[in-house]
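Work out the full structure, taking the sequences as your base and the hints as a guide.
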Amino acid sequence: MIEIQNLSFAYGKRPVLKGVSFSAGPGDCVAILGNNGAGKSTLITCLNKIRTPDGGSVHVDGRNVAEMSRAESARTIAYVPQKNELGQTTVFDAVLLGRKPYMKWGPTPQDYEICQAMLDRVGLGPLKLRPVNELSGGEAQKVMLARAFVQQPRLLLLDEPTSSLDPRNQYEMMGLVGEMARTNAIAVLVVLHDLNLALRCCSHFVFLKDGLVYAAGDASVVTEQALRDVYEIDASLITHQGKKFAVIG
Amino acid sequence: MLDKRPGAAAPSYSQYIFRKWLVLLGLLLILCAAAVFSISVGSSGLSIPQVLAAVVGRGSGQTGTIVWNIRMPRVVTGMVVGAALALAGCVMQNVLRNPLASSSTLGVSQGASFGAAFAIVCLDAGAQVNASTSASSAISITNPYLVTLCAFVGSCLTTAVILGLSRIAHVSPGSMVLAGVALSSMFSGGTALIQYFADDVKVASVVYWTFGDLGRASWKEIALMAVLTLLAFLYFLYNRWNYNAMEGGSDTAKSLGVSVDQLILVSMALCSLIAAVSTAFVGCISFIGLIAPHMVRPFVGNDHRFLIPASALMGAVILVLAELASRTILSPSILPIGALTSFLGAPVFLYLIFRRGVRK
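Chains as they are written, first to last, in the numbering used here: chain A, 1 to 249; chain B, 250 to 609.
Please note: incorrect hints may appear among the correct ones.
As the list claims (entries may be wrong) - Computed list of chain A residues with no C-beta within reach of chain B, every gap over 12 Å:
(1) Asn6
(2) Arg200
(3) Ala219
To be verified - The calculated label-pair distances, taken between Cβ atoms and stated as ranges, are:
(4) B:Leu483 <-> A:Gln5: 40 to 46 Å
(5) B:Leu514 <-> A:Gln82: 25 to 31 Å
(6) B:Leu271 <-> A:Arg200: 45 to 51 Å
(7) A:Gln82 <-> B:Val430: 55 to 61 Å
(8) A:Gly87 <-> B:Tyr394: 42 to 48 Å
(9) B:Ser437 <-> A:Asn64: 50 to 56 Å
Don't read these hints as lab results, they were simulated from the structure.
Glycine included, C-beta positions come from ideal geometry on N, C-alpha and C.
Next up, the structure:
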């Protein structure tokens, strides 16, 4: 159970988050939606100590993240940034980094097993000795996701994980995220720009506007009015085969 | 290298790690061979068995004296200083996220030169002409401790400014490299100004100091450098996984539990310390810190479990070989080691860049 209460953060004197509160349960896949500059990435990085929030609190399974050590919070919360910089690292070593929060002196045989199993699970077993920068965008993103999963977190934070992927890889990636979240009871917060991808793959939605939560909840909070207020676009929502879709314009 | 043909049998991860151990073992053997060979070469030629016997303390009186008092201190200084500069370069390149970082590109060496020049010219610590000996030793430093101390203070000053900027002004690691470039240019200018107003003999002393000389350190000083370098090496090796996490950027490293700010601060301070002590004792030896890590990356990659020891070994090998070259190319005169490493290091660096460009 993830509880975010009254979180605030400012870059210098410019407030970006002005008291953000919402919660998510295990297995939930929560889309963080909003315009550029609404504070989505800032929100994500305030949750796991990459940035220190000015006020408010984050609790994971009842424990305050601010009171955890760095290694403890790394065992509780995993993060995949927008940009992957692990260029020349081999796939296996990149995934092995996810076991770092558990390492004392070095990786144990168990760490190797967990990584190997995860690579096989995401279908990258045969590529394990390739440098990450020789992979396709979709494969590289899967490596980052595998690294986050071997951290065995309770909360997974994804910052625009699909922005450089083709449509097939976008859905495959989000499908994998949803499935891993459900089977391992991990809560996922994902910053997404593609509304339809969010509607298709996420169970819950948080709209951010001007540093505040405009609306949060299940698919029922995604309304034409919300899209007009948050994105300042005219969109109509249609239902096709029981699923909601946004048609813009 | 890995076989990347489709369908080629994929080597297992343990084989892949084993190969990296082999690289380390190979470098260690090359270093031992280079050191023994270097000790054997000189005006009174010694055979390899004689050298080996003397090193383990079983040589005849005269051979033992030559090996232990004349040849070995130079070679061991080469190993320790080469390893220290390469370690500093390797770790600075990682924590500053910049492949051009090293003690000589960040101004640590230039700070040391400025300190030495200040001591020699303004504090009268140098300059004495002894006409009876050959050109390279005609100019001696009368007060080596003062010169060493000032050189050390000069390099620490550079580090303090760079680290101060990062702590107080919160500048990015990339800007720290820029600050280093600015400082090194400032110190070079300062050294030039001091030289401009000094008399000929003092200028010659300063120039001689900046050339670098591995023969300046005695066993006592070698022991000090070796202990500091070893302690820094152990700290770096202990943090090898943190450096690996830093390869993914500082946000990723933080999310993996690395105390990024503290890691950068302590690593930079240790790198500067070992580079400053080395430079203070033997003078400016540039380029080794920059190229040694780049020379081993094609073999061990960016994995700091192996990159840190491999860089240290490579740095030691380069400096031992450069020292040998400096004594043998124009024997009996000894070429300035610092000039030689820059002169030979730059083409190697260009080759590495060229090869990387071709591969892409």
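Violated constraints from the hint list, given by number and in increasing order: Going through the list in order, the structure violates hint 7 alone and respects the others.
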